[in-house]
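Start from chain A and add chain B according to the hints.
For the record, the sequence lines run as chains A and B. Counting in this note's numbering, the first sequence runs from 1 upward without gaps. Counting in this note's numbering, the second sequence runs from 1 upward without gaps.
Worth flagging that the hints you see were computed from the coordinates, not collected in a lab. Please note that the accuracy of each hint is not assured.
Any copy will do: because identical chains look the same in the list, a pair fits if it lies in one copy or spans two.
Said to hold, decoys possible - Straight-line alpha carbon distances no greater than 20 Å define the calculated SDA-like cross-link-like pairs of lysine to any residue that follow:
no.: 1; residue 1: Lys37; residue 2: Val54
no.: 2; residue 1: Lys161; residue 2: Ser80
no.: 3; residue 1: Lys37; residue 2: Cys72
no.: 4; residue 1: Lys73; residue 2: Gly116
no.: 5; residue 1: Lys36; residue 2: Ser147
no.: 6; residue 1: Lys36; residue 2: Arg16
no.: 7; residue 1: Lys36; residue 2: Arg169
no.: 8; residue 1: Lys115; residue 2: Asp78
no.: 9; residue 1: Lys12; residue 2: Asp184
no.: 10; residue 1: Lys12; residue 2: Ser35
no.: 11; residue 1: Lys23; residue 2: Lys161
no.: 12; residue 1: Lys37; residue 2: Gly96
no.: 13; residue 1: Lys53; residue 2: Ile70
no.: 14; residue 1: Lys89; residue 2: Asn34
no.: 15; residue 1: Lys73; residue 2: Gln2
no.: 16; residue 1: Lys12; residue 2: Ser133
no.: 17; residue 1: Lys12; residue 2: His125
no.: 18; residue 1: Lys36; residue 2: Arg123
no.: 19; residue 1: Lys37; residue 2: Glu193
no.: 20; residue 1: Lys37; residue 2: Thr55
no.: 21; residue 1: Lys51; residue 2: Tyr39
no.: 22; residue 1: Lys37; residue 2: Leu48
no.: 23; residue 1: Lys161; residue 2: Ile81
no.: 24; residue 1: Lys89; residue 2: Thr24
no.: 25; residue 1: Lys51; residue 2: Val40
no.: 26; residue 1: Lys36; residue 2: Ala186
no.: 27; residue 1: Lys23; residue 2: Asp120
no.: 28; residue 1: Lys36; residue 2: Lys89
2 protein chains.
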Amino acid sequence: MQYAEPINNLIKAISRLPGIGEKTATRLALYILNSKKEYVDELSSCLLGVKDKVTLCSVCMTFSDTDPCIICKDDSRDASIICVVSDYKDMMALEGMGGYKGRYHILHGNLAPLKGIGPDELRIHELISRVDSSAVKEVILATGFDSEGEATAAYLSRLLKPYNVKLTRLASGIPVGSYVEYMDGATLGRALEGRREF
Amino acid sequence: MQYAEPINNLIKAISRLPGIGEKTATRLALYILNSKKEYVDELSSCLLGVKDKVTLCSVCMTFSDTDPCIICKDDSRDASIICVVSDYKDMMALEGMGGYKGRYHILHGNLAPLKGIGPDELRIHELISRVDSSAVKEVILATGFDSEGEATAAYLSRLLKPYNVKLTRLASGIPVGSYVEYMDGATLGRALEGRREF
Numbered sequence: 001m002q003y004a005e006p007i008n009n010l011i012k013a014i015s016r017l018p019g020i021g022e023k024t025a026t027r028l029a030l031y032i033l034n035s036k037k038e039y040v041d042e043l044s045s046c047l048l049g050v051k052d053k054v055t056l057c058s059v060c061m062t063f064s065d066t067d068p069c070i071i072c073k074d075d076s077r078d079a080s081i082i083c084v085v086s087d088y089k090d091m092m093a094l095e096g097m098g099g100y101k102g103r104y105h106i107l108h109g110n111l112a113p114l115k116g117i118g119p120d121e122l123r124i125h126e127l128i129s130r131v132d133s134s135a136v137k138e139v140i141l142a143t144g145f146d147s148e149g150e151a152t153a154a155y156l157s158r159l160l161k162p163y164n165v166k167l168t169r170l171a172s173g174i175p176v177g178s179y180v181e182y183m184d185g186a187t188l189g190r191a192l193e194g195r196r197e198f
Numbered sequence: 001m002q003y004a005e006p007i008n009n010l011i012k013a014i015s016r017l018p019g020i021g022e023k024t025a026t027r028l029a030l031y032i033l034n035s036k037k038e039y040v041d042e043l044s045s046c047l048l049g050v051k052d053k054v055t056l057c058s059v060c061m062t063f064s065d066t067d068p069c070i071i072c073k074d075d076s077r078d079a080s081i082i083c084v085v086s087d088y089k090d091m092m093a094l095e096g097m098g099g100y101k102g103r104y105h106i107l108h109g110n111l112a113p114l115k116g117i118g119p120d121e122l123r124i125h126e127l128i129s130r131v132d133s134s135a136v137k138e139v140i141l142a143t144g145f146d147s148e149g150e151a152t153a154a155y156l157s158r159l160l161k162p163y164n165v166k167l168t169r170l171a172s173g174i175p176v177g178s179y180v181e182y183m184d185g186a187t188l189g190r191a192l193e194g195r196r197e198f
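Chain A with its partners taken away, still in its complex shape:
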């Protein structure tokens, strides 16, 4: 026996979410079926809300419900330093740390030619014109240290070289709390290469 069609549709729609299989989707759909109408209305309007009310900040390209976003609006933050990240989540992780007082630029991805993601799919053009038109002194390349993140950083560094800015890259090495013996060769190589005076 099949579930009634509206239930089945909901199960299918939920199971398209990442990391949610059919069993979990069924459990959630039945929970929703049993829950109060007010909650379902709220959940539904929250879903539509993120698509309707959240847009990209026209300066740094982050997701925001204001334009410019609260970081780009904040005069206490140093506009001459731009930290370039691949993703909104990376920005949130760096903000979570709390020590950074510059601004951001979100690329919305990494270069990945095999997946059809070239420079035009990312917010690179916006970064270049930002560096070109405002008094930017330093660009921190904070894309990931996986191959796509590295390639993106290398590409951006070539692109930004003609502009009179200091280009830096986040340090690569052994994470805090990790043991040397468990690190891979590439990380150890980076850690050794980037060693600092004690």
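Just chain B, lined up with the frame of chain A:
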């Protein structure tokens, strides 16, 4: 830094779902933020759809988008046998087995005085009038074998005794594929008590 308000609202709404913590809710909310408008519209309308289009079958009290539901409408199914289950999911599990050709009655819970669930909170009244008014020959009490399910079955059996129906209970014993050595004493006691000729 906080997420933009609409994103935060969505995270909160999602994290109220069972088994979904704040981390998973954040991951899902950001996935939704990045996904196509069409998908979000579809998900939202599916959510509203289960509440708008799915109601209770007026005969057996199951969730259905038709009234009566497809089982109660199906003349090939024996209307003289009613299998009483606590929950819609229990009915779906029994239907999944495929061997049962009678009808159902869904209680929507078990008696649980400590949680404030008494007979009036369940669909017991509807069961009684159904047994009273139609030619029901057998009522199978198929509530669970946990303490609440057992108490509910016992309560229903007392309530249905005055009516001229055969009352049965699902067999309790060792599940298929299980080992005797791992069974608890209560299950072994039931299995011994209910032993059948080989």
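Taking the hints in turn, this is what the structure says about them:
1. Lys37 <-> Val54: between (25 Å within a copy, 12 Å between copies)
2. Lys161 <-> Ser80: within (16 Å within a copy, 83 Å between copies)
3. Lys37 <-> Cys72: For Lys37 and Cys72, neither the intra-copy (39 Å) nor the inter-copy (26 Å) Cα distance is at most 20 Å.
4. Lys73 <-> Gly116: Cα proximity of Lys73 and Gly116: none, with 34 Å in one copy and 52 Å across.
5. Lys36 <-> Ser147: Neither: 47 Å inside a copy, 27 Å across copies.
6. Lys36 <-> Arg16: For Lys36 and Arg16, the Cα distance is within 20 Å only across copies (12 Å; inside one copy 24 Å).
7. Lys36 <-> Arg169: For Lys36 and Arg169, neither the intra-copy (50 Å) nor the inter-copy (32 Å) Cα distance is at most 20 Å.
8. Lys115 <-> Asp78: neither (35 Å within a copy, 56 Å between copies)
9. Lys12 <-> Asp184: neither (41 Å within a copy, 38 Å between copies)
10. Lys12 <-> Ser35: Both ways: Lys12 and Ser35 sit 19 Å apart in one copy and 16 Å across, limit 20 Å.
11. Lys23 <-> Lys161: neither (51 Å within a copy, 39 Å between copies)
12. Lys37 <-> Gly96: neither (35 Å within a copy, 28 Å between copies)
13. Lys53 <-> Ile70: within (15 Å within a copy, 42 Å between copies)
14. Lys89 <-> Asn34: Between copies only: 11 Å across chains, 33 Å inside a chain, cut-off 20 Å.
15. Lys73 <-> Gln2: For Lys73 and Gln2, only the inter-copy Cα distance (15 Å) is at most 20 Å; the intra-copy one is 53 Å.
16. Lys12 <-> Ser133: neither (47 Å within a copy, 39 Å between copies)
17. Lys12 <-> His125: Result: close neither inside a copy nor across copies, 38 Å intra and 35 Å inter.
18. Lys36 <-> Arg123: Between copies only: 18 Å across, 42 Å inside.
19. Lys37 <-> Glu193: neither (59 Å within a copy, 46 Å between copies)
20. Lys37 <-> Thr55: This pair counts as between: shortest inter-copy Cα distance 12 Å, intra-copy 28 Å.
21. Lys51 <-> Tyr39: Classified as both: same-chain Cα gap 19 Å, cross-chain 11 Å, threshold 20 Å.
22. Lys37 <-> Leu48: This pair counts as both: shortest intra-copy Cα distance 17 Å, inter-copy 8 Å.
23. Lys161 <-> Ile81: within (16 Å within a copy, 81 Å between copies)
24. Lys89 <-> Thr24: Classified as between; 13 Å across copies, 25 Å inside a copy.
25. Lys51 <-> Val40: Both, since 17 Å and 8 Å are each at most 20 Å.
26. Lys36 <-> Ala186: The answer is neither: 53 Å in one copy and 37 Å across copies each exceed 20 Å.
27. Lys23 <-> Asp120: neither (39 Å within a copy, 31 Å between copies)
28. Lys36 <-> Lys89: between (32 Å within a copy, 18 Å between copies)
In summary, the numbered hints that this structure violates are 3, 4, 5, 7, 8, 9, 11, 12, 16, 17, 19, 26 and 27.
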